[in-house]
Amino acid sequence: MTALVLLEFDAAGIKQPSRSAVAAAEKLGEVHALVAGSGIEAAAQAAAKLPGVAKVLTADVPPLDHLLAEPAAALLVGLAPNYDHLLAATTAVGKNIMPRVAALLDVQPISDIAEVVDTDTFVRPIYAGNGMATVKSSDPKKVITVRAASFDPVATEGGSAAVEPVNVPDLPEMSRFISAELSKSERPELTAARVVISGGRGMQSGENFNLLEPIADKLGAAVGASRAAVDAGFVPNDYQVGQTGKIVAPELYIAVGISGAIQHLAGMKDSKVIVAINKDEEAPIFQVADYGLVADLFKALPELKEELERS
Amino acid sequence: MKILVPVKRVVDYNVKVRVKADGTGIETAGVKMSMNPFDEIGVEEAVRLKEKGAATEIVAVSMGVPQCAETIRTALAMGADRGILVETDAELQPLAVAKLLKAIAEKEQPKLIILGKQAIDDDMNATGQMLAALLGWPQGTFASKITIEGDGITVTREVDGGLETVALTLPAIITTDLRLNEPRYASLPNIMKARKKPIDNLKPADLGVDPKPRLTTVKVAEPPKRKAGVKVGSVAELVEKLKTEAKVI
Chain A
2 MTALVLLEFD AAGIKQPSRS AVAAAEKLGE VHALVAGSGI EAAAQAAAKL
52 PGVAKVLTAD VPPLDHLLAE PAAALLVGLA PNYDHLLAAT TAVGKNIMPR
102 VAALLDVQPI SDIAEVVDTD TFVRPIYAGN GMATVKSSDP KKVITVRAAS
152 FDPVATEGGS AAVEPVNVPD LPEMSRFISA ELSKSERPEL TAARVVISGG
202 RGMQSGENFN LLEPIADKLG AAVGASRAAV DAGFVPNDYQ VGQTGKIVAP
252 ELYIAVGISG AIQHLAGMKD SKVIVAINKD EEAPIFQVAD YGLVADLFKA
302 LPELKEELER S
Chain B
37 MKILVPVKRV VDYNVKVRVK ADGTGIETAG VKMSMNPFDE IGVEEAVRLK
87 EKGAATEIVA VSMGVPQCAE TIRTALAMGA DRGILVETDA ELQPLAVAKL
137 LKAIAEKEQP KLIILGKQAI DDDMNATGQM LAALLGWPQG TFASKITIEG
187 DGITVTREVD GGLETVALTL PAIITTDLRL NEPRYASLPN IMKARKKPID
237 NLKPADLGVD PKPRLTTVKV AEPPKRKAGV KVGSVAELVE KLKTEAKVI
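As given, the protein sequences belong to chains A and B, one line each in that order. If you want the working numbering, it's the position in the first sequence, counting the first as 1, plus 1. If you want the working numbering, it's the position in the second sequence, counting the first as 1, plus 36.
Think of the hints as simulated: they come from the structure by calculation, not from any bench. The reader is advised that the hints may include incorrect statements.
What the hints assert, rightly or not - Derived DSSO-like pairs: lysine-lysine, alpha-carbon spacing no greater than 30 Å straight-line: (1) A:219 to B:263; (2) B:88 to A:273; (3) A:270 to B:239; (4) B:283 to B:263; (5) B:267 to A:273; (6) A:28 to A:273; (7) B:181 to A:306; (8) B:86 to A:270; (9) B:248 to A:142; (10) B:147 to A:270; (11) B:283 to B:68; (12) B:88 to B:229; (13) B:147 to A:273; (14) B:181 to A:28; (15) A:300 to B:255; (16) A:273 to B:52; (17) A:273 to B:181; (18) B:86 to B:239; (19) A:300 to B:267; (20) A:219 to A:306; (21) B:239 to B:68; (22) A:280 to B:263; (23) B:279 to A:219; (24) B:233 to B:263; (25) B:181 to A:185; (26) A:137 to A:270; (27) A:273 to B:255; (28) A:273 to B:277; (29) A:306 to B:279; (30) A:137 to A:219; (31) A:270 to B:267; (32) B:283 to A:306; (33) B:248 to A:280.
Claimed, not checked - What the simulated footprint calls covered on chain B by chain A, stretch by stretch (three residues with Cβ under 8 Å from a Cβ of chain A suffice, anywhere in the stretch; the number is not a length): (34) 64-70; (35) 88-101; (36) 139-151; (37) 275-281.
Here a beta-carbon is modelled for each residue, glycine too, at the ideal position from N, C-alpha and C.
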């Protein structure tokens, strides 16, 4: 069996969620990787170095820049006859493209898998992770998105796959990229960070998120937020951790002023160590926290900053 | 311009769901059901487009058990004009839903179909993209802002690093993200008025679609439980434990 993984990349190389998708694909058979866009030589070389990748396919044409769903799905459908499994990470890009691919192939996609049982059978979360469903697909091909937090990413070095350009089919031109407004941050990406510190409604304002900054700096952490904080307009939506935001599983997750709604827990409960700081000792977040501190965050955060600076 | 808004009946957002003891699924008997929150945002957006004069008619569609008519009534009370219920006891997965919606779209000829980005029960996040593929239409998923201009629509999308703006030609599919709008509560007079609005009743066979599921649920298990840890008395103690006990800083 052979699996094809659609990779996402930036100037730094192949993104971590895509490397987790490669790790999931390794459990299914031989792994080929697809790199699409224009000016992709460096990304193709980075893909070739991923351990476990047997072949890298490149589609080097400008209409595939930004991986818009319509042309990217057409490309994948063209390559599908050679593969039993088509995978991408459960990212904004993967979620946008893969169901479109599945419908064009007349198969039911299998979204956000957390475990590979066998080549037809997968475990995926339902109801915000309150149930883990084992599902078996009867489709001849499987179209899959992979929950990155559930699979350790393959390393960035160690492989030496051949790189092979593919014939690009006619691509539909019904959508056009206009612009991207990406949050500028020196910090690691939420889904790749070793430490995440998130604020909730208890932060009371966007300005107060500044209290998290020095602590994040000290710990090399990414800054996240609960949906309540996003809904209240404190921070942009790309900070959101939870069922409808990002799924993270860092070594250390610090929840500050977050009550712990099930929708938030769905996005962070696989973290290795969870710390909760909340003044309400009944807050449900304490039921999942390894270390709970019942305290006023406006007092605790400056103290935490000092304590970390001292060490 | 006609807008189609598919709406799904799901376990209410606030219900704490439980896995059935026999592991066959989630306990839904006697549980409060509501419209999928992302679909509510879709209905709201369609109603706003109609209020601005950009849309002329809004058709709400739901599929499943007869009680899905209640979900359609909610959409009608918010401002949709009429409903279509595709009634079936069969389990409907996104591929089947997309095929049924395609058949309805071919009959109704809408210029825009607005769906929720994901249903909060199966968390698939697939139907909108699949419907776009089957119709051969462009898709603007996870939308936080849409602007219609002539034959095109500009969509600002929530993506992992921030926002992305794309231009699509109509007809098109939109799927909603949280920040697109804040749905209204239906007023009592509008709820009364909604009772008189028509709902067509169809069966999957009327639309020539075989809704057979492609995924079989082998079992549903409880997620691994985390046990609550310890409470610490001070920030100093917290930092100490993170260093020496958890060894994460």
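The hints, checked one at a time:
A distance of roughly 28 Å separates the Cα atoms of residue 219 of chain A and residue 263 of chain B; the hinted pair therefore holds under the 30 Å criterion. A C-alpha spacing of about 49 Å is found between residue 88 of chain B and residue 273 of chain A, which places the hinted pair above 30 Å, so the restraint is violated. Note on residue 270 of chain A and residue 239 of chain B: the hinted pairing is violated, with a Cα-Cα distance of about 41 Å set against a maximum of 30 Å. For the hint linking residue 283 of chain B to residue 263 of chain B, the alpha-carbon distance of about 19 Å falls within 30 Å, and the restraint holds.
The suggested pairing of residue 267 of chain B with residue 273 of chain A holds, with an alpha-carbon distance near 17 Å, which does not exceed 30 Å. This hinted pair checks out: residue 28 of chain A and residue 273 of chain A have alpha carbons roughly 24 Å apart, not beyond 30 Å. Restraint check for residue 181 of chain B and residue 306 of chain A: not satisfied, since their Cα atoms lie roughly 38 Å apart, outside the 30 Å limit. For the suggested pair residue 86 of chain B and residue 270 of chain A, the alpha carbons sit about 42 Å apart, so the restraint of at most 30 Å is broken.
For a cut-off of 30 Å, the pair hint linking residue 248 of chain B to residue 142 of chain A stands: about 17 Å separates their Cα positions. For the suggested pair residue 147 of chain B and residue 270 of chain A, the alpha carbons sit about 41 Å apart, so the restraint of at most 30 Å is broken. Between residue 283 of chain B and residue 68 of chain B the alpha-carbon distance is near 44 Å, which puts this suggested pair outside the 30 Å criterion. Only pairs whose Cα atoms come within 30 Å are accepted, and residue 88 of chain B paired with residue 229 of chain B is accepted, the gap being roughly 21 Å.
Between residue 147 of chain B and residue 273 of chain A, the direct Cα distance comes to roughly 48 Å. Violation of the 30 Å bound is thereby established for this hinted pair. Note on residue 181 of chain B and residue 28 of chain A: the hinted pairing is violated, with a Cα-Cα distance of about 40 Å set against a maximum of 30 Å. The hinted pair formed by residue 300 of chain A and residue 255 of chain B fails the criterion: a straight-line CA distance of about 47 Å is larger than 30 Å. For the suggested pair residue 273 of chain A and residue 52 of chain B, the alpha carbons sit about 24 Å apart, so the restraint of at most 30 Å is met.
With a C-alpha separation of about 36 Å, the suggested pairing of residue 273 of chain A with residue 181 of chain B is violated against the 30 Å cut-off. Between residue 86 of chain B and residue 239 of chain B the CA atoms are separated by roughly 29 Å; this keeps the pair inside 30 Å, and the hint holds. For the hint pairing residue 300 of chain A with residue 267 of chain B, the CA-to-CA distance comes to about 17 Å; that is within 30 Å, so the pair holds. Between residue 219 of chain A and residue 306 of chain A, the direct Cα distance comes to roughly 8 Å. Compliance with the 30 Å bound is thereby established for this hinted pair.
For the proposed pair residue 239 of chain B and residue 68 of chain B, the alpha carbon gap of about 25 Å is at most 30 Å, so the pair holds. Taking the CA atoms of residue 280 of chain A and residue 263 of chain B, the gap is about 20 Å. The hint holds against a cut of 30 Å. Our distance criterion of 30 Å between C-alpha atoms is met by residue 279 of chain B and residue 219 of chain A, whose separation comes to about 14 Å. Of the supplied pair hints, the one linking residue 233 of chain B and residue 263 of chain B is violated, its CA atoms being roughly 51 Å apart against a limit of 30 Å.
Taking the CA atoms of residue 181 of chain B and residue 185 of chain A, the gap is near 21 Å; set against the 30 Å cutoff, the hint holds. The hinted pair formed by residue 137 of chain A and residue 270 of chain A meets the criterion: a straight-line CA distance of about 26 Å does not exceed 30 Å. Straight-line distance between C-alpha atoms of residue 273 of chain A and residue 255 of chain B comes to about 26 Å, which keeps the hinted pair within the 30 Å bound. For the given pair, residue 273 of chain A sits about 14 Å from residue 277 of chain B by alpha-carbon distance, which is consistent with the 30 Å threshold.
For the hint linking residue 306 of chain A to residue 279 of chain B, the alpha-carbon distance of about 15 Å falls within 30 Å, and the restraint holds. With a C-alpha separation of about 45 Å, the suggested pair residue 137 of chain A and residue 219 of chain A falls outside the 30 Å cut-off, and the hint is violated. Among the hinted pairs, residue 270 of chain A with residue 267 of chain B is consistent with the structure: their alpha-carbon atoms are about 18 Å apart, no more than 30 Å. Restraint check for residue 283 of chain B and residue 306 of chain A: the C-alpha separation of about 18 Å stays at or below 30 Å, so the hint holds.
Taken as a hint, the residue 248 of chain B and residue 280 of chain A pair is broken in the structure, with Cα atoms around 51 Å apart against an allowance of 30 Å. Interface restraint, the region 64-70 of chain B with chain A: violated (0 residues with C-beta to C-beta distance below 8 Å; minimum three). Counting residues of the region 88-101 of chain B whose CB falls under 8 Å from any CB of chain A gives 0; the rule of at least 3 is not met. Given a C-beta distance limit of less than 8 Å, the hint that chain A covers the region 139-151 of chain B is violated, as 0 residues qualify and 3 are needed.
With a threshold of 8 Å between beta carbons, the proposed coverage of the region 275-281 of chain B by chain A holds, since 4 of its residues qualify and at least three are required.
When held up to the earlier numbered hints, the structure conflicts with 2, 3, 7, 8, 10, 11, 13, 14, 15, 17, 24, 30, 33, 34, 35 and 36 and fits the remainder.
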